[in-house]
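Asker: Each chain, letter by letter, is given below.
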Amino acid sequence: MTEVSGVPVGRRNLLSDRRRAFLGIAGIGVALLMVIALDGIFAGTMREVTSYIDSSEADVFVSQRGVRTMHMSSSSLPLDAVEQIGRLPSVRWADPVLYDSGALMASEERVLTYLIGYVPGQPGGPPSLVAGAAPGPGEIVLDERAAESLLLGVGGRVETLGRSWRVSGLTTGMTNIVNSVSYLRFDDFARARDVEGMASYVLVGASGAPDELAGRIESATGFTAQSRERFSAEERGRVEDMSVELMQIMTFAAFLIGLAVIGLTLHAETLARLREIGVMKALGAGPRRLGFVVLSQAAWTVGIALALAVVFALGLGWVLGRMAATIPLVVEASSVLEAAAGAALLGAVGAVSPLIKVSRVDPAAVFRR
Amino acid sequence: MKDLAIKAEGLEKVFGEGDVRVAAVRGVDLEVRHGEVVLIMGPSGSGKTTLLSMLGAMLRPTSGRISVDGVDLTALPESKLPDLRARRFGFVFQDFNLLSALTALENVEFARNLAGSTGRAARARAEELLRGFGLGERLSFRPDKLSGGEKQRVAIARALANKPAVILADEPTANLDSKIGHEIARLLRRAATEDGRAVVVVSHDERLKDIADRVLWLEDGEFRSMSDMATDPVCGMAVERERAPHYRHDGQTYFFCSAPCREEFAAAPDRFAASAGSGPGGSVSRPPGAEVSGSRHLR
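Top to bottom, those sequences are chains A and B. For the first sequence, counting from 1, position 307 maps to 307 in my numbering; every step adds exactly one. For the second sequence, counting from 1, position 274 maps to 274 in my numbering; every step adds exactly one.
Chain B extracted, bound-state conformation (with noise of 0.2 Å):
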């Protein structure tokens, strides 16, 4: 068994009071060990980006615990944390996240500087990454001058510049045509196997499942099982199986959000049925348990 990166008990986060209270995020608990890709699907507005904040030290939560290799941060005043950020995480982001003022070279060096290196050990190490993910041609040029994948893997090696404990991605290859995504997803993969770091991963990209090691589906700020999900097979929603419409066809039974969906597929079972079984638990019906650690597949 390999040690536990992140450990979260109990994760509450509210905002607001009153009328206008949510809770985003309702007693989650959490353990990714390191070398391990953990994949967080979930629709939009289920709690996964405060989720993510909160296990990145950004946001802290209403209550529960998290710990990154055995350090509290819940307990950690707010001075202390923007130095564990530096050390212990590293962050992926949809949108890249470069700063635009510097140099991929440069983006990578300051993550460095972040962490207290600097000066030609820190140049070196950023060096080195970005030759390693084939940016060594790519070293002066601003972000304005990169493609999109190109970005990214700065930004993965920005990430993995101080070695961190956890890569915290959000949605990495949303931005992405397929083979890059391809690509960016083989990295993380590779950080997590090679390197010992706990990945997790917030995405829509079922594509990522299969780098994954587990698969977990938040809704509404909980952790739902992934064999109470099924996919619709018409519009491609997450719906839960015990509360969804239904219908059989050809000895399967597929499962949809709402009875528009439902009659859509019943007007032409076979349009829809050879393409389902992907998304949560695929759109039909499962042993329970089957899809809750997804199968990896790429390498």
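This is chain A alone, in the form it adopts within the complex (with noise of 0.2 Å):
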């Protein structure tokens, strides 16, 4: 690096006309936040979807063999098998929950929700009341966004699962930009969906580590069992999987805007540079220190754009969780590390033009006129 330092020659071409800067660093910029604010929002769905479960009191959830989410899954267990759990050995308690997928309707507004039916003073219910109260018989909890979308309050009447509710309570943290949870009654549940008798999930507390009551309760009741930990992961898995090449296309997209922008950026500052290059050349420049001045201003024009898109970001997330809660955006390192190499990535595919217009650059042609 010593051959190559002194004058910052790349900045200082970079920065010597600031309107060219300015677009070039603000496009990729733009292209940069679209990367690290699709990756927060992204990252921020993920923990939101699986909120019900992370927000759980159970150690351990219990389904119908073979299935290990909610989201996109059916499951369905004959309620006797909640006494057959909780007869196990560090089972504190067992308590069943139903489960469906389905939307709220009200006011010509739609939501879409997973319902969960529970026994009202049992785990498995809304972790806490924002408004109201537990739901009564043909009553339903929701979450307060949701009822706001719904333009509903506490009282108000929402459908759902082929009849009316009425609104007994509103809870929190439980509405994301894929969906919501609204909690019902056990019975009415079961009775609305005909699914007497049976269960999707049974909710476990272990007073034990909850991974080897997971593998006792498979042992001695054939279902699968997942502590809470695995159960989110899988849970984030399965939407991560169904949502990363929808992702990914997006992400590629804003690269290739990202290098395009750079690209001709670099292109037309080494196109109007291209006497000064032979200039250089002529004073006794090599190929490593104009491969450095080039490489630099890219460097320093990613640079700058990955660090206000970072700003950008922030602000961004900070405005939406005030404005729109149901958007989550939430910026990780490891969003703007991999948002870091991707800009590398940008400005060294971008200098490679520029970096070969400027090796066929005749020195001797400084002499022209």
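Just so you know, not all the hints are guaranteed correct.
Stated by the list, open to error - DEER-style ranges, computed between Cβ atoms:
#1 A/Arg288 / B/Glu183: 34 to 40 Å
#2 B/Gly70 / A/Arg275: 31 to 37 Å
#3 B/Ala75 / A/Ala272: 34 to 40 Å
#4 B/Lys80 / A/Val244: 49 to 55 Å
#5 B/Asp220 / A/Val352: 39 to 45 Å
#6 A/Ala341 / B/Gly70: 48 to 54 Å
#7 A/Leu15 / B/Val22: 42 to 48 Å
To be verified - To give an idea of the interface, some chain B residues facing chain A are shown, with a C-beta separation under 8 Å as derived from the structure:
#8 Val14
#9 Met58
#10 Arg85
#11 Phe91
#12 Ala122
#13 Asp170
Unchecked claim - Residues of chain A placed beyond 12 Å of chain B at every Cβ, according to the derived structure:
#14 Ala233
#15 Gly315
#16 Leu345
#17 Ile356
Hints are computed from structural coordinates only; laboratory data are not their basis. Cβ atoms here follow ideal geometry from the backbone N, Cα and C, with glycine treated the same way.
Two chains, two frames, some hints: make the complex.
Answerer: The structure is reproduced here in structure tokens:
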């Protein structure tokens, strides 16, 4: 590096034409912001899609054999499995829940939801209520964000499972960009779905290590049992699997935009300075130094763009948190590192054409007019 | 006798092949000593730029050898030439060719960087040179904020930054008014006299004869004896005495590029005769060889 230290020609070249620098940095910054924001929304959503599982008091989730998730799954267990599990050592309690996915409808608005049927007073219901009370017969508890979208409050009525329900209470933290979670009484749910004598999952409180208990339950019952952490990870994995291609396409599109912008910016900058590059060559600048000039300019461009993109993503996350809580944007260090690696790749690839152009400049051209 | 800074032998440069083959420089021999200023003049297309490019290690000759301070440039691999240019040559251009994004100070400092000097040492040397050239108040100015004369002084400071053995200047006064041109000429002369650098100037500017130890005439890629050349008193073109139309007036012989110039002169000889005498060999017959060494009036 000592060979190429000294006057920062690349940075000076970049900043000497403020308008061009701004356009280049802004273009790349927007592309990187798209990548970071998409990743942040994805990460935030992933955190929230498992909020029912993560906030549950259960240490172990038992499901039909082979069913390892709630999302896009259907699990059915006989209700007497609850007693069978409850008798196993290290089981503090066992409670059934019914589960289905559906839609809440009111005031011509529609919100997708996970519907949970639980026994009020037992684990399996909402972690807390911010208004109203647990559901009585014919009643439902909604997340406050979902209720807001449906223009409902406590006492309002909502359609789901083919009938109307009175909103008895509101919970919080259960609505995300994908869906919401709503809670009904276990017996209401069973009647509405005609699944009496069945449960979807059995939630289990453990007095020992959850993974060990899950193993014992599987051995004793033949059902699938997973610790809460494992169940949550499987759930996230399922949603990620379903979304990852779309995310990859969108991220790739953002990188292509960034690549086009940096390629054009560096190319235009190089073309505008071909004579000066010839002068530098004539004065004794070798390929290494000239390469460093081009690459340092690319590095400054993507570096500033990346810094701005991170700052804007954090700002966007803050704004969304206040204005649209259903769109979570979580800027994680891993996202920034991935974007930085992508930005470095952008800079390197975008610099290829200018580097070739620079290598072909004839130093003797400085004498021509 | 001072040491040789440049020695070129049998230099030849040919561009193209077959029907489009053009010999830009043909069998040129040149020796320039430390402390000497050599002015190369000649018409456009005579090969001056090609010769300068070869002398500056930017263009390889088709044949012949060039050595600078005993180093044979033609034997060096391409990869060694940039470093050699940075350390042994200083370049001064007609269009100044300063790097537009850098300040005056950085332009000179950058040249130091190319020779391996960085940081404070490089900056101090750059500042010293610029202050020496009266540019102490312009250190942080970018080229677009400098006048033509200031730009050329920065360019000369840049050329001197690495204390090179040779300074190659291409039309250094062409874009400057006469006063500034005179000043630039003095700086080039000073670089030779005080610092012992070999200065090769390619120019059409007759004023530079005043600082030159020798004036060479290049035409059709070859050096011609100045005594063989004359300047057309009507249009100012350099012409070969042997082949040029001529006219005798008042005991003197005048040479012309063409018959129309001769006729124009003949119509009013006194009008043109008064201004004759400048240019390569003047426009009148003189003893052969008298103008090969330019006279140095300017100090």
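Asker: State for each hint whether it applies.
Answerer: Verification of the hints:
A hinted range of 34 to 40 Å holds for the C-beta pair A/Arg288 and B/Glu183, which are about 37 Å apart. As the Cβ distance of B/Gly70 to A/Arg275 is approximately 33 Å, the hint placing it in 31 to 37 Å holds. The hinted range of 34 to 40 Å is satisfied by B/Ala75 and A/Ala272, whose Cβ atoms lie roughly 37 Å apart. Roughly 53 Å separates the CB atoms of B/Lys80 and A/Val244, a value that falls within the hinted 49 to 55 Å.
Here the CB-CB span from B/Asp220 to A/Val352 is close to 44 Å, well matched to the stated 39 to 45 Å. Roughly 51 Å separates the CB atoms of A/Ala341 and B/Gly70, a value that falls within the hinted 48 to 54 Å. For A/Leu15 paired with B/Val22, a C-beta distance near 43 Å keeps the hint of 42 to 48 Å intact. Interface hint at B/Val14: violated, since its Cβ lies 15 Å from the closest Cβ of chain A, which is beyond the 8 Å cut-off.
At its closest, the beta carbon of B/Met58 sits 4 Å from a beta carbon of chain A; the interface hint therefore holds under the 8 Å criterion. Annotation: B/Arg85 was flagged as interfacial toward chain A, and the flag holds, the nearest CB pair being 4 Å apart, inside 8 Å. Checking B/Phe91 against chain A by beta carbon gives a least distance of about 6 Å; that is within 8 Å, so the hint holds. Satisfaction of the interface hint for B/Ala122 is found here, the shortest Cβ-Cβ separation to chain A being roughly 7 Å, below the 8 Å cut-off.
Taken as an interface hint, B/Asp170 checks out: its beta carbon lies about 5 Å from the nearest beta carbon of chain A, inside 8 Å. Distance check on A/Ala233: its Cβ is at least 53 Å (rounded) from any Cβ of chain B, clearing the 12 Å threshold; non-interface status holds. With a closest Cβ-Cβ approach of about 32 Å to chain B, A/Gly315 is found to remain outside the 12 Å limit, as its non-interface label requires. With a minimum CB-CB distance of about 26 Å to chain B, A/Leu345 clears the 12 Å threshold, and the non-interface call stands.
For A/Ile356, the shortest C-beta to C-beta distance to chain B comes to about 17 Å, beyond the 12 Å cut-off, and the non-interface label holds.
The earlier numbered hint that this structure contradicts is number 8, and it is the only one.
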